[in-house]
Each structure stands twice: as C-alpha cells, then as structure tokens.
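Novice: Residue numbers (the numbering used here), protein chains in the order written: chain A, 1 to 452; chain B, 1 to 452.
Some clues are possibly wrong.
[Claimed, not checked] Cut-off 35 Å, straight-line C-alpha distance, at most; resulting in silico cross-link-like pairs (DSBU-like, lysine-lysine):
#, chain 1, residue 1, chain 2, residue 2
1, A, K4, B, K11
2, A, K401, B, K401
3, A, K248, B, K41
4, B, K401, B, K248
5, A, K5, B, K27
6, A, K125, B, K125
7, A, K125, B, K401
8, B, K91, B, K195
9, B, K27, A, K126
10, B, K195, B, K248
11, B, K27, B, K126
12, B, K11, B, K401
13, B, K450, A, K4
14, B, K11, A, K5
15, B, K4, B, K27
No wet-lab data here; the hints were simulated from the structure.
2 protein chains.
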Amino acid sequence: MESKKFLLQEKDIPEAWYNVMAEMPNKPKPMLSPATGEPLKAEDLFPLFTEEASRQEFNTTDKWIEIPDEVREMYRIWRPTPLVRARGLEKALDTPAHIYFKNESVSPVGSHKLNSAIAQAYYAKKQGVTNITTETGAGQWGAALSMAAKHFGLELAVYMVKVSYHQKPYRRSIMQTYGAEVIASPSMSTKAGKKIITEHPNYQGSLGTAISEAVELAMSTPNCKYTLGSVLNHVALHQTVIGLEAEKQMEMAGEYPDIVIGCFGGGSNFSGISFPFIRHNFSGERSTRFIAAEPASCPKLTRGVLRYDFGDEAGYTPLIPMYTLGHNFSPANIHAGGLRYHGAGAVVSQLRNDGMIEAVDIPQLETFAAATLFARSEGIIPAPESSHAIATAIREANKAKEEGREKVILFNLSGHGLIDMAAYDQYIAGDLMNYEVSDEEVTANTVGLKEV
Amino acid sequence: MESKKFLLQEKDIPEAWYNVMAEMPNKPKPMLSPATGEPLKAEDLFPLFTEEASRQEFNTTDKWIEIPDEVREMYRIWRPTPLVRARGLEKALDTPAHIYFKNESVSPVGSHKLNSAIAQAYYAKKQGVTNITTETGAGQWGAALSMAAKHFGLELAVYMVKVSYHQKPYRRSIMQTYGAEVIASPSMSTKAGKKIITEHPNYQGSLGTAISEAVELAMSTPNCKYTLGSVLNHVALHQTVIGLEAEKQMEMAGEYPDIVIGCFGGGSNFSGISFPFIRHNFSGERSTRFIAAEPASCPKLTRGVLRYDFGDEAGYTPLIPMYTLGHNFSPANIHAGGLRYHGAGAVVSQLRNDGMIEAVDIPQLETFAAATLFARSEGIIPAPESSHAIATAIREANKAKEEGREKVILFNLSGHGLIDMAAYDQYIAGDLMNYEVSDEEVTANTVGLKEV
C-alpha cells in the first residue's frame, strides 16, 4: 500500500534558515522609534533582545542564515517531523483533493514553538546572558521556552495571561516542571502591571499587557533579555525549518502544493510553513496560494488595517508596520489563545499588502467541528489554534470536490490539543459560541495610527 | 557529533509479533474455569473476547504471529518510534552508563497502548462485531481504544474508574472527542455496579470493579466483545513491536542492552520492550537483566504471591495464574493510575517464578524526582507510570558509576505526562507522599487462593 507518512533522516534537518526578506520584491518597512519616529537599526534593539536576534531582525540581504550546531543538535530531539498524507480526512470528505499536513505536534512540548525557543535561548547563552523573560497566552510558547532555557542553563520568568494562568493550569505546571518562574499577568512585579491592577482590580490580562510586563522586567534587570514567540522577523526565520523539511517531503510524495495553509496569530507557524514555498512564487516558477487562517474574533489580516502600531498594550515596544486591530483591541476569550493577538508581523503584512498571500477568518464553532472530524479520521486531537488551518483545508477540499479538481493542499498542524481538552468538553456540551468583530470596533481601535 | 536518536523507516515496522510463549522453557499455566476448576481452551473465551484474541491467548507454538496489513497501516501513523540515547540524563547523573530509551510517547494518544488497541479493534471489526467495551483507570488505555474503535467504525463503551473520571477530566474528554461513551464506574448500568453502589454509596471505584462492569455489559449485549489493555498474553504479544524495533535500533547504535527496564502495571509495556530481547537469553546467547519497575504501593511481583486469582473484583473472569496481591486489594491512590492493578500477567509471572526477570518497587516521591530530572535533562515530561522505569534506570546508572562500569541500559518511555500535570503540581507543592504495603495486608488479601 502507498505510504501515507513521509519521513526524513536527521541529516535532512536543514542547515540554514530561509530568510524570506532577502528575496521579497518589496522589503518590509523598518520599525520606528516611538520617541523620534526614526527607523531603527539592529543596534537599537540590543538593550532588549540578544544581539544575534536583533541582527536577524534587520537582515534583508542574506538568503540563508546558518543554524548553529548547538541548535541543530537540540532540533534532533524531535526533528525532522513527519509529513502525512491525510487519507482518512480525504475519505471522510470524499474529496478528490490530496491533503497533506506537516506534523509539528510531535515536539516534546506539543507545538512548533520550540523551533524558535531553542534558537533564542542559545543566542542568549552564547552572549553570556543569564536571565530571560517572556510572556505567554495559552502557554505553548512559554512551555517551549521553559524547556529551552533549562537546557542552556538560563533563568526564565514567564508572564502568563491571568485568565489562562487559572484556566490552563497544566501549561503553567509544564513550565514549572521545566524549572521556569511563572507569574500571572497583570502582576504587582512591574509598573505596567501595578498600573493596570490598581485601575482595573479584576482585569484578567491580555497578551499585550503580559508583553509590557516582560519587557519592563528585562529592561530593569541586569544581564537579562526579552524574547518573543511570534510576530518578529527573526522568529519567523527560525520557523522556516518547517517549510524547508516539508518541501523535501512533498518531493518524496511526488507532489507540489497548490495551496499552503497555516493558522495565524502573530505569524510564526504560518511563516514557517509558507516562506520556503513562497520563494518559488517570487521566481515565477510556481503560483501556489498561501492562506493565513485567522479566528473570526481576531481577524487582523482579513479585517484590520496596515499601520505602524505597538506590539504591546503599554507602548514599550518599537512601532511595527503591521496589519493591526489596534494594540488596545481586546479579543474575545476564544480557546485558541495563541491567536488572540492584535497584529501581524511586518513581513507577512507586507506580503499581504502585495497580494502574495490570502487570509480567511473562521468562526470558533467551525474550527471545533473541523478538529473533531480530524481527530476521528486522522487520530490526532489538534490544538484549537491548528484547527483554524484544518477548517480552512476542509473548505478548500470541499471546493475542490465541487470543481472536480485534484488539488494538492498542505497545511501545518502546529500543535496537538491534549492540554486543551477543557475546550473540547465545552464544545461537546454545546457551550461554545462564535464571536464577531464590528467595523466600528476596528475603526475605533486603529484611529490615529500612522499609515505605513 | 554522534547521533542521539535512532530512526527506522516505515518498512522497518515489524511484520510479525514475537510470541514469547513459543520459546519459554516453562510455559505459563493455562487459565482455569472458576466453575469447574478445569483448564480453559481458546473456544471457552469466544463469548467474551474476539476469536482471534482468544486463539492468540492460548498460542504456545507459533513463534511469530503475522501483523495484519490493516493494523500495520494504522501503526504507520506514528511508528516506528524513535530510540534515543539519553545523553542529557547521562550528563546530569555523571554516569559511565549508556542510557537509551524507546520513545512510545510519540503516539497520537501519548502512550504505547495504541499498539494493542488497534489490533483488538481490528479483530473485532473483522469478526463482524459492532460494539466493544473496556475499562480504564487513568485513561491511557481508554483513549487508545477510543481512537482505534472510531477508525474501524465500532461503538465503544468505556467504564472509567470514578475517581479518575473526576480527577482526570482531560482523558475523559479525549475519549469523548474520539466518539466513545464514557461511564464513571461504579455505575447503575450493571448488576456489579449497582451492588457496590448500594452497599457503598460513596465508593470511588477501582480497576477491578470497572473490569467487572465492562465484562458484564459485553456478556449481556448482542454482538459485543470485551477488550483489555494489559495482563493478558495477547496484549503482551501486540506490544512486542516495541522491543522488535528497539532491537534493530540498538544495532544501529552499535550496542546491546545489559539491562532492560519497563514500568509494571499488568505487564503490557514491560512485556513489549522485554520479550524480543529475552529470547536471546533463552538461547544462551545473552545474559541481559530484565527489571519490572513497580510502585511501592502496588508491588505484586516484588511482594505478592503466585496464585490463581480473578482478573476483576466481582470474580467474572477466569482464574489467571498470576503474582497477585489479591483481587480485592485496594491500592493507594497514587498518580500512576495505570500501575494500580493487583496482578501480573501469566507469562511475566512464570518468567518471574523461573528467575528470568527481576522486579523492584519504587516509592512515589522517587518517581517524581526522577521524572523532573528527566524532563529537565531530556526535555520530555514523562507519564507518572513511565517515571517508575526512569527511576529504576537512574538507580542502575548510579550503580554503574559506583562500579565504574560502562553498562548499557535500555528503558521504555511508555507515555508522556502532559495530561498528568496536576500530579506534577502536587509534587512541586510538596503535597505528594509515599505509600507502603504491609505483609499482613498481602496475606489477608491472598489467603485461600489456589496455588499454581
């Protein structure tokens, strides 16, 4: 019988990340200093990020950036990850489409986030940094960074959005088991946290607030750097191992994707699966469609506007050229916590503006229906975030059926949902609902932001 | 740098299971009918189990039993699993030992249980059975069978030990997401359940009671069979894919294990990793040590007696020749729920009696200390069950250090602990304790049982 899983060997783990900025027809605009309005350079980020991450952030010239041996060695714990032909799902949909997924859920923390966590922790260690900070929403990024920090002997403090801290105690425990300090955000440990707690005593937190706290702690602690799990160019860069492996594996399968899909929060897994394929669109060799799958409750690429905006709520970060719903936008409390972020990274925003990628927004109930069908046909319970990609793949497979075309669809399964079962419980019980964002809300939250 | 992970290709998934009974110097004694005291034959089990499982249960002649194509096809979802050289753990222990683990946690349900769940569901489907039943403690087996049942289009009812049903809601949700019906045991849906509920209204359940309920439901439902996730010979048989793959992978690593370790509940994962290696002890070619790692609170192989005993509390099952603590033994509520079973399978019991394998019992706190060290040095958070194997590997690695010997240790990582984080929370908070079993308790629970 024909194989449905395409496996690489350790030697096939990429030796370099693909830097899409080097080949983009239009480069993304640089970040701006909120104080002066002037474009920033790599050195301007040194106080906040590691030097290597800062340089990567601004590197628009090198097409390939070498993956350090120490990082590749850690990748070997779970990489290369499998590419799977989803024959069970195809059968359930009775579609002529060929559906493939890259299975990033096999990492020890259950998601793709480890690809960048390891790189960022390594650069911190190499630079002699002793402490790092970050924020986490649902906890996928925090769990990944906790494992990486422990491996490189770094102390890590994670600000976890308060509502998740209480609702997702397992992810908190995972971070603590790896040895990280986890603080519910907003907290009294920072000025940003104190301000919001005293003004709104019952505030349950947001990613924007948690970023403010983590940035403040890093800036006020000796030998401490801040790390981020999405949005930024260097994070997207690290995630390209996903697409580079998938490219080889699609070759093993003897096919090339007509459509590539990733769920979309700040852009890390979407970029990871897409960028290595999009380069063949740049060259004119291919005309693959790339679809970012957003939640209907937080649709920055489908409903937001391209503006210079802050990455955090308190306004500590540089101004980033991004499709945004406004840094004070408060997304509904959907279970795909990793997608509850107001903005898209600069590179993806530029590609969107240039018509190189598409975006769709999916209601929460459709994502859980897709997730359940996937679990029952492919055996893997997906993360609520990844379920947005699955739902989009199903939409496209159904279209292929209507059109009677044998389309090749590839999506990234960014993580499993085994730590999100409370969400499935609520879905089964009929307690979940859809959320919409009104045009008025977008306008109100983005008014006055500087155009890109 | 030398590789630390040894990967096979799909073509290396074994084509046959290894049937240790065919080569054992002393065969295990057959099960007895509780009614007549007479030895049972395969046909006697047909009302309860599928015919193929029943035949495998009594097959002491065929060394290799072919794995059906449909089962191998499903194995391909996650098999072959990696073998990993635990260099991080070795370094943390500063030991000259070479520690390897077979990583069965990469299955979509997070444990080795799927190896037999798929086979049993397939045989049911092939025989035209429409409904199956089972019991589950912590939920690893129930989750695996739920996935397998859905794949083969079978209806599944799972009796889940009541205390776990409430304490481990995520595993319940996983089963429901795959489409299984989950009933907290004891329940009012069976005579056995009603009896115990009316006599002890607050009884929180046990595996023995849940087995009684699942057996009763199967026996009283048309076209319905019962399935079990451990203890029985055919279950151990299906798990030998673990050791057969590991054997090839140790060859890739250029080593052969001096010691093979598996945690021990009823025997499924211990048998799976051990049997393919123990055959080289039978032939005199090797003298590997095999260690079953039990919880100190449920130590049937280290502290129990070899007797004919029931597999369940109500006494519905045949009498099995087993090392047992008595079928009414009530193990302490440790977090390794999968190890809370009173008896050992007939084959392992015979091997233990013949001095072919060893057993150790490990206190709960030692298992969590080992698990935390493993998580921080190897990056994978282990299941509380598997942590018994890790603790034993650490003991042996420390001995190797004392002796200054480069021993080769192999253990089976039967599952991950991502759905057991509440247990880690309690460990971190200092709320866990050790439990001991007194000699008096063992004697009181096993008095009067027929000697083997």
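Novice: Please go over all the hints and tell whether each is borne out by the structure.
Specialist: Quick rundown of the hints versus the structure:
| no. | hint | verdict |
| --- | --- | --- |
| 1 | A:K4 x B:K11 | 12 Å, holds |
| 2 | A:K401 x B:K401 | 63 Å, violated |
| 3 | A:K248 x B:K41 | 53 Å, violated |
| 4 | B:K401 x B:K248 | 27 Å, holds |
| 5 | A:K5 x B:K27 | 40 Å, violated |
| 6 | A:K125 x B:K125 | 55 Å, violated |
| 7 | A:K125 x B:K401 | 30 Å, holds |
| 8 | B:K91 x B:K195 | 54 Å, violated |
| 9 | B:K27 x A:K126 | 59 Å, violated |
| 10 | B:K195 x B:K248 | 50 Å, violated |
| 11 | B:K27 x B:K126 | 29 Å, holds |
| 12 | B:K11 x B:K401 | 38 Å, violated |
| 13 | B:K450 x A:K4 | 51 Å, violated |
| 14 | B:K11 x A:K5 | 11 Å, holds |
| 15 | B:K4 x B:K27 | 38 Å, violated |
In this structure, the earlier hints numbered 2, 3, 5, 6, 8, 9, 10, 12, 13 and 15 are contradicted, and the remaining ones agree with it.
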